[in-house]
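Visitor: Each chain, written out:
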Amino acid sequence: MVEFFQQMINGISLGSIYALIALGYTMVYGIIRLINFAHGDIYMVGAFIGFFATTVLKLPFFPAFLMAMAGCAVLGMIIERIAYKPLRHAPTITLLITAIGVSFLLEYGMIWAMTPQPRAYPNLLPTYQFNFSGLIVSVQQLFILVVALVLMVLLHVLVQYTKAGKAMRAVSYDKEAAALMGINVDSVISYTFALGSALAGAAGLLVGVYYNRIDPLMGIMPGLKAFVAAVLGGIGIVPGAMVGGLLMGVAEALVSAFLSSTYRDAVAFAILIIILLIKPAGLLGKKTQEKV
Amino acid sequence: MRQELIERRLPWLILTVGVYLVISVTSALGILNDYHMINIITIGISIILGVSLNLINGFTGQFSLGHAGFMAVGAYTGAILTMKFGFPFPATLLCGGLAAAVVGLVIGLPTLRLRGDYLAIATLGFGEILRVLFINWSYVGGAGGMVVTQRYTNFHWVYAMTVLTIIVIRNWLQSAHGRACVAIREDEIAASSMGINTTLYKVAAFILGSFFAGVAGVLYAHAYYIVTPASFGFLKSVEILIIVVLGGMGSISGSVLAAIAITLVSVIFTPWPYLRMILYSLALIIVMVYRPGGLMGVKEIQLPALSLKKKEGQQVGTP
Amino acid sequence: MALLSTESLSMTFGGLRAVSNLSLQLEMNDLQGLIGPNGAGKTTVFNMLSGMIKPTTGKVIFDGEDITNLPAHQITQRGMARTFQNIRLFGSLTVLENVKIAFHRHVTYSFMQALLQLNIAHHEENITRSAMDLLDVLGLADRAHHQANNLSYGEQRLVEIARAMATQPKLLLLDEPAAGMNPHETEQLMNLIGKIRRDFDLSVLLIEHDMNLVMGICERITVLDYGMTIAEGSPEQVRANPRVIEAYLGEEVV
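These protein sequence lines map, in sequence, to chains A, B and C. If you use my numbering, the first sequence corresponds to residues 18 to 309, in order. If you use my numbering, the second sequence corresponds to residues 12 to 330, in order. If you use my numbering, the third sequence corresponds to residues 17 to 270, in order.
No lab work stands behind these hints: they were computed from the structure. Ideal placement from N, C-alpha and C gives every residue a C-beta, glycine not left out. It is possible that some hints are incorrect.
Stated by the list, open to error - Chain B stretches covered by chain A per the calculated footprint, using a threshold of three residues with CB under 8 Å from any CB of chain A:
id, region
1, 128-138
2, 141-153
3, 245-253
4, 287-294
5, 299-311
All chains should be built: construct the whole structure from the sequences, respecting the hints.
Guide: Quick look at the structure:
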């Protein structure tokens, strides 16, 4: 039983990272109907920016954290401007293929620049562990959870209660109508990419701290899994991404512990396929019908 | 009509036999060495993969990102049959294709209800699940893979299978059944209102494409000594996708040209593998932004028809 | 026995009743019109009849069979064909290919024959010939090898009709066939619809905005407003009906 709760704790901290990445997927999908394949790689870049900020620039945790977020926000906006904006009216698949291209470009660009060798992340947080009668919770895990929660609450407030958030929701609901209402659709899309990418950057740095190890291909699997989390919760729905992320993390931790860690990567995709076949709109989504 | 058909096909027959003879003879004379030949084999396998994926993605419009998974099924089936059961190679090729086709049916039936990007992700997921299953299957060597000492794959087999793939898929596309597939790509709702059972045709295209991916897998397994789950991951699926996209989604000759070009580029860039991937990804982005139809779009290369004898009455054919 | 009849057919989207309690009757060889202001639910009716969407309640009986829950392709196979208001041609294919695809119902050779190209040549020749004949009837023969997307609006609507005809229907549903046509083209279309009905011995159900066209060729008209049938009868009866005039207030009735 202790083992079970231990895995729940591990799963929740992992899941909160998935949730952070999933938020970016969900916001971008909500606004331009694109599965931004490169999103997982933006998270990787965030981890590397954090790595540089702390090792080369010798910055402490928080400045490094903000730098990773800001760097990724800019990167996200640049990618949108160069690769996706020219394809605003192209078919979904054209956009998806472009996103795959961007993803590979970031991965292999980083390998080219940094070699494929994994790098050891510096210890930015205390490694102290609490022991609750056998249940081990590290400071890092608590920290990840708290940071993720704070960011999610901030995002929620931003989307629900600010003017920019309202503009985002308007654009995701109906681009043409939003434009007619005087909303600058291009800048809202750009802003959405910045926001989603910043969250991915934050997740990248947190993962670096948590696992002490980063490499240029580290974004592929978490990226795909976070996407699954977004679909699980209901793509385009912000709270859905949070719920989906946590569920994914927990499911993965439980399978690793009680089945075999080699099946870990299959779990995500099994969940994905089941949800797509049973309730494609996701746990929190509503059914929509194609217009004839 | 018959005469016209022969006249149209003769140039292709000459080209096919000609390329075969040139490569066979130059290889026998030692002008093409083993290194050249293995690259030619790679080109052949890439053509089979590209053309078969094009049937699904380009002609039927069902965007699959799991083609390497079907190749894996063929490769492992082939390796098991020859290594553990001593099957002859032709039977192995057939069984590898059939096994992949069966898996294609199992995966296609539920997922082909999905549209566009969701289908892409679901097929990607299935490809990854297949890979994880192979990693966990100790009978075939788990993550370390399975050694294949029977090196059956040679130029002749690869050439024959490549030509077979192209002819069979072209035949399909020239038939009413193939037209049904293309109609689904163009407009699924309109296709169903023309009386086309869209599910049936999507699954049929998927199975046919999977079959040839399986055949390519068998050839691959018996050309490179070893099959590992890692060889058939998402990266491989994307490599096949690049062939289809660059050549043109909806063009067989485009896929053939792209498979040749991509393999040659890979060979040239062998010392700089990462640069090669950067080049591919840039090519994907640039093609999508500036020329989304790829090299050939939906057009095919046409060879001029050969006139067998002088025509009496001048006939004007339609283009 | 009626060729097509619906029994209290209703469709609800969310809370909105797009169509309620529709009872249509269409006899063999009828040419009936379905009219109504924008948003009256006309296209929704077509979508339900042709199996594109499933009605919330009610039944569709076609040729003596309950087809309410059949998928679209099976309904077409039973002899009901339609065109689309927002043209849905196979745009990057030629006009001829568009029509050949629609002969799908009559393809008798198997998958295996297709893969091996075994004895299919004469089948294919027949399909091509029939498709050309049909294009001839619609005056599109010289457009056969043009890409469908490159045709004018009016021509595209004609290709839609050709394609629907190729499925060899007993009942043809035409969704605003004259939209985007000039008066001259519209007049030709009127003649064409009449000719098709005679020559191919079929029934037509027509949605149209162009009142001249509807009043000119339809024998019976059903008027929808807000999803409900507000009038039914001959063009004269419908034209005189005060509810119809009220529904069309602001639009030109005659």
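Visitor: Which numbered conditions among the earlier hints are violated in the structure presented, ordered from lowest to highest?
Guide: Of the numbered hints, all hold.
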